[in-house]
Amino acid sequence: SIALAGHNRLHGIWLDNNPALTDLSPLNECDFEYASEHGGLIFQYDNEKVKDLSFLSKVRYFCDLNLSGINASVWVEAAAQPRIGRLVAFGFPNQKVFEAFIEAHQDIETLWIPWNTKVTDLSMLTELPNLKTVDISNTMKKAANSLKGKEYSFELIIE
Numbered sequence: 001s002i003a004l005a006g007h008n009r010l011h012g013i014w015l016d017n018n019p020a021l022t023d024l025s026p027l028n029e030c031d032f033e034y035a036s037e038h039g040g041l042i043f044q045y046d047n048e049k050v051k052d053l054s055f056l057s058k059v060r061y062f063c064d065l066n067l068s069g070i071n072a073s074v075w076v077e078a079a080a081q082p083r084i085g086r087l088v089a090f091g092f093p094n095q096k097v098f099e100a101f102i103e104a105h106q107d108i109e110t111l112w113i114p115w116n117t118k119v120t121d122l123s124m125l126t127e128l129p130n131l132k133t134v135d136i137s138n139t140m141k142k143a144a145n146s147l148k149g150k151e152y153s154f155e156l157i158i159e
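My numbering applies: residue 1 is where the sequence shown begins, and numbers increase by one.
Any given hint might turn out to be false.
Claimed, not checked - Calculated lysine-lysine pairs in the DSS-like style (CA-CA distance at most 27 Å, straight line):
hint, residue 1, residue 2
1, Lys118, Lys148
2, Lys49, Lys118
3, Lys96, Lys51
The hints are simulated quantities; they were obtained by calculation from the structure and are not laboratory data.
Whole structure, please, built from the sequences with the hints as guidance.
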């Protein structure tokens, strides 16, 4: 469990590499206004056994949201409201969930989404005005090919 009572000036929470920590419900009691007003919250967590990330909806702005290793179906709804500068996510279960996330985050600046082999079409990213970088893995060839012949202003990195 997490003990965060009274911590209202949070700027970053790094909980990755902690397999025993699956209950993040105490984060629902936190006030994230300070982080939202001072450059955004950094949140990093990678435990696929987590079931509730509802606190994400309480944060107005994430400068960096790293949910690598967690199936997006667990967090995508809760993350629909906050503004997100940079997303790191490997767990989009299908194209539809990815598109719903993008639709809700038209102002995203950086996507680091390697190993999302079920994401096969990146063409909707060409319409995002603030997108600077999209980083995908070489296992996402179909997604990369969806941009061929299209104009886009972001940097596409294939690792």
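Outcome of the hint check:
With a C-alpha separation of about 18 Å, the suggested pairing of Lys118 with Lys148 holds against the 27 Å cut-off. Taking the CA atoms of Lys49 and Lys118, the gap is about 21 Å. The hint holds against a cut of 27 Å. For the given pair, Lys96 sits about 21 Å from Lys51 by alpha-carbon distance, which is consistent with the 27 Å threshold.
Against the hints set out earlier in the document, no violation occurs for any number.
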